[in-house]
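There are 2 protein chains.
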Amino acid sequence: MTDQDDLLPVGLEDALPARARAITEAMRAVLDAMDGHGYDRVRPPLVEFEKSLAGRMEGVATRRMIRFTDPESLRTLALRSDMTVQVGRIAATVMASAPRPLRLCYAGDVAMLKADQLDPARQRLQLGAELIGSDSVAAASEIVGVAIDALKGAGLGNISVDFTLPDLVDTLAEKALPLDVDKREAVRRELDTKDAGGLTAAGGEAYLPLLYATGPFDEAIAKLAEIDAGGALASRIAGLRDIAASIGKRARITLDPTERHGFEYQSWFGFTLYAEGARGTLGRGGTYTIRGSEEAATGFTIYMDPLLEALGTRADEARKTLFLPLGHDRDAAARLRAIGWRTVAAISGSEDAKALGCTHRLEDGETIALG
Amino acid sequence: MTDQDDLLPVGLEDALPARARAITEAMRAVLDAMDGHGYDRVRPPLVEFEKSLAGRMEGVATRRMIRFTDPESLRTLALRSDMTVQVGRIAATVMASAPRPLRLCYAGDVAMLKADQLDPARQRLQLGAELIGSDSVAAASEIVGVAIDALKGAGLGNISVDFTLPDLVDTLAEKALPLDVDKREAVRRELDTKDAGGLTAAGGEAYLPLLYATGPFDEAIAKLAEIDAGGALASRIAGLRDIAASIGKRARITLDPTERHGFEYQSWFGFTLYAEGARGTLGRGGTYTIRGSEEAATGFTIYMDPLLEALGTRADEARKTLFLPLGHDRDAAARLRAIGWRTVAAISGSEDAKALGCTHRLEDGETIALG
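Protein sequence lines correspond, in order, to chains L and E.
In case it helps, our numbering puts the first sequence at residues 202 to 572.
In case it helps, our numbering puts the second sequence at residues 202 to 572.
Some hints could be false.
[As the list claims (entries may be wrong)] Below, a list of computed lysine to aspartate or glutamate pairs in the DMTMM-like style, where the Cα atoms sit at most 25 Å apart: (1) L:395 / L:420; (2) L:521 / E:241; (3) L:252 / E:375; (4) L:384 / L:396; (5) L:395 / L:383; (6) L:353 / E:393; (7) L:450 / E:565; (8) L:252 / E:215; (9) E:252 / L:396; (10) L:521 / L:567; (11) E:450 / L:565; (12) L:424 / L:371; (13) E:521 / L:565; (14) E:315 / L:567; (15) E:376 / E:393; (16) E:353 / L:383; (17) E:315 / E:510; (18) E:521 / L:236.
[Stated by the list, open to error] Label-pair distances were calculated between CB atoms; the ranges are: (19) E:383 / L:519: 54 to 64 Å; (20) E:541 / L:356: 43 to 53 Å; (21) L:477 / E:450: 50 to 60 Å; (22) L:356 / E:423: 49 to 59 Å; (23) L:396 / E:273: 51 to 61 Å; (24) E:359 / L:519: 32 to 42 Å; (25) L:572 / E:376: 43 to 53 Å; (26) E:376 / L:568: 31 to 41 Å; (27) E:566 / L:297: 33 to 43 Å; (28) E:551 / L:514: 43 to 53 Å; (29) L:295 / E:551: 42 to 52 Å.
Just so you know, these hints were derived from the structure itself, not from any lab.
The model shown is predicted, which means the values in this text are computed figures rather than measured ones.
Glycine included, every Cβ here is placed at the ideal spot set by N, Cα and C.
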């Protein structure tokens with residue numbers, strides 16, 4: 202073994218004790234919040250047939266998956282790069298006959314063969330919840346609320362939710378703002394990048410006002426309603442207003458109706474989660490249709506790295522940790538652990554209790570603070 | 202997508218809600234028990250350089266690893282098939298200067314390209330703790346105790362621990378029961394398979410009595426002490442007695458000094474964990490030397506599948522779950538969740554609360570049991 206073998210490949214890293222503990226705590230809090238809203242955790246495997254992972258949902262970058270040949274079936278297997286598709290498979294197959302709406306949640310590692318340009322990580326801890334059987338306004342309101350509760354449960358304060366309308370162009374292009382089918386993709390792209398010049402060049406002049414119906418929810422939705430003279434968006438606007446009302450003051454709501462990056466497979470509603478302290482997005486969600494089973498669903502995904510970034514480095518309050526000298530009373534130590542003490546036992550007698558992180562020492566059955 | 206794509210590859214499976222919940226609970230309990238004894242969790246990545254995983258410890262079946270080429274480094278990467286080697290790497294590299302003894306624990310999925318004959322699973326959830334910097338009797342006593350506490354924490358009752366002496370033949374062959382170097386491997390193998398005829402044929406007649414120093418600890422260790430006329434095993438026998446004494450009545454202790462399968466890399470002490478209700482072993486542990494850094498260590502590994510088997514199907518007490526009708530008071534629901542209620546909200550008004558697993562219904566601010 203060379204020293205180089207001791208390094209980790211680019212984009213893969215160890216979470217050492219402090220970070221691992223923060224991950225465990227945040228993960229438990231997020232899972233507990235989802236569980237509290239009736240979402241049952243499922244644990245799909247790390248590896249599946251590539252076709253099953255790649256085939257169930259649009260917009261998943263299959264080229265980035267880690268693939269290899271199964272010696273058993275001689276078929277191509279892949280390491281999961283997204284757990285949403287696995288939950289969709291479960292809903293469509295082994296849980297096809299479970300009552301709807303079906304509420305499932307998950308937390309697990311996903312891996313990519315190649316990092317993307319914005320994020321060098323090749324492994325991410327993905328957490329999320331899916332409400333399967335509905336893409337209604339009520340379903341969307343619930344999912345946004347669960348996402349907010351999950352982030353608050355993990356300890357986040359200032360949460361922002363940015364709403365979008367992923368199928369906006371399709372909805373308008375038919376009648377309200379007519380657009381040839383072959384021009385729609387270009388118009389979507391220019392709207393997504395907020396390029397007014399490009400939008401005009403692509404034949405989307407009529408869509409220009411949409412670029413300005415953006416910002417804090419109340420003002421932005423009012424602007425969108427003004428643009429929607431023909432009423433093509435009326436039900437969507439009403440839906441967004443209902444969802445925003447259901448959230449109330451629990452999060453700051455903004456609107457960016459033309460945002461489309463990251464919402465390639467969502468239908469009428471999408472949202473992005475932000476929090477003070479994190480540079481990027483914490484996660485995304487929205488309404489969609491499960492490919493294959495064509496069942497309506499609403500869900501969200503959050504990622505652990507930006508969540509930890511938003512949580513920041515907390516003052517690492519020294520955990521009360523009790524040093525147990527050689528020959529200590531094992532039963533007494535067990536009783537102290539049972540009431541919440543963390544213990545570190547001497548095994549040689551030459552230990553430096555403080556260097557090992559201890560705050561107290563067991564002496565004659567008493568817990569004495571280390572000076 | 203064909204129906205076949207909906208199936209999972211052989212040896213890989215989904216954990217659906219009931220099983221996933223059991224896994225989450227057992228995993229939290231095991232991790233909390235290890236944490237209580239001062240073991241810090243680390244989270245190494247799913248994927249590493251193959252050489253790093255394969256090179257750090259003997260006895261790891263590298264042929265069974267899932268391997269692929271890294272497009273970044275053009276080197277071979279592998280999906281981890283054992284987390285112990287990853288913890289060894291962490292101890293030897295990024296945590297090389299952390300004070301000793303270093304107590305680390307882990308829990309995570311490992312995967313194999315091919316199943317072994319006894320276990321068709323190609324993915325396993327591995328949990329364990331490593332005490333790095335010592336392979337003393339005190340270290341071994343602590344690790345066996347932590348393993349027992351972890352299993353008890355998960356809810357197991359009747360735990361058995363079977364002690365072994367992995368380097369028994371090497372210790373005896375030098376002087377007490379002389380054996381040519383080229384005969385030792387055959388003698389080890391025949392002892393491991395308890396084949397008296399084969400042992401004799403392999404030139405190991407003198408080792409025959411070892412086959413009978415097995416069973417409940419007190420009697421078996423007395424027999425082993427009788428065989429050890431020259432005193433070559435004296436320190437080992439004293440060590441085993443000390444470890445057994447430290448466990449006291451917390452588990453049933455047995456001895457099988459010639460057991461070697463599964464202890465290919467352990468040094469003087471090894472143990473296997475059993476529990477009533479599980480057919481196979483729950484896990485193993487012992488003393489070893491971390492390859493590369495050559496640091497002494499003691500640790501154990503347990504696997505989730507046999508642990509769940511030993512826990513058995515518990516009477517699935519219906520969790521108190523509260524149905525929230527359409528138009529319910531959201532703040533009241535949040536307050537009820539905060540005091541431990543699990544809620545399931547109506548989104549259509551046509552839900553069957555009982556079919557969705559609810560036991561209660563919120564009515565006029567009161568929780569009413571469903572009839």
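Of the hints stated earlier, which fail here?
Of the numbered hints given earlier, those the structure breaks are 3, 6, 9, 13, 14, 16, 20, 23, 26 and 29, listed in rising order.
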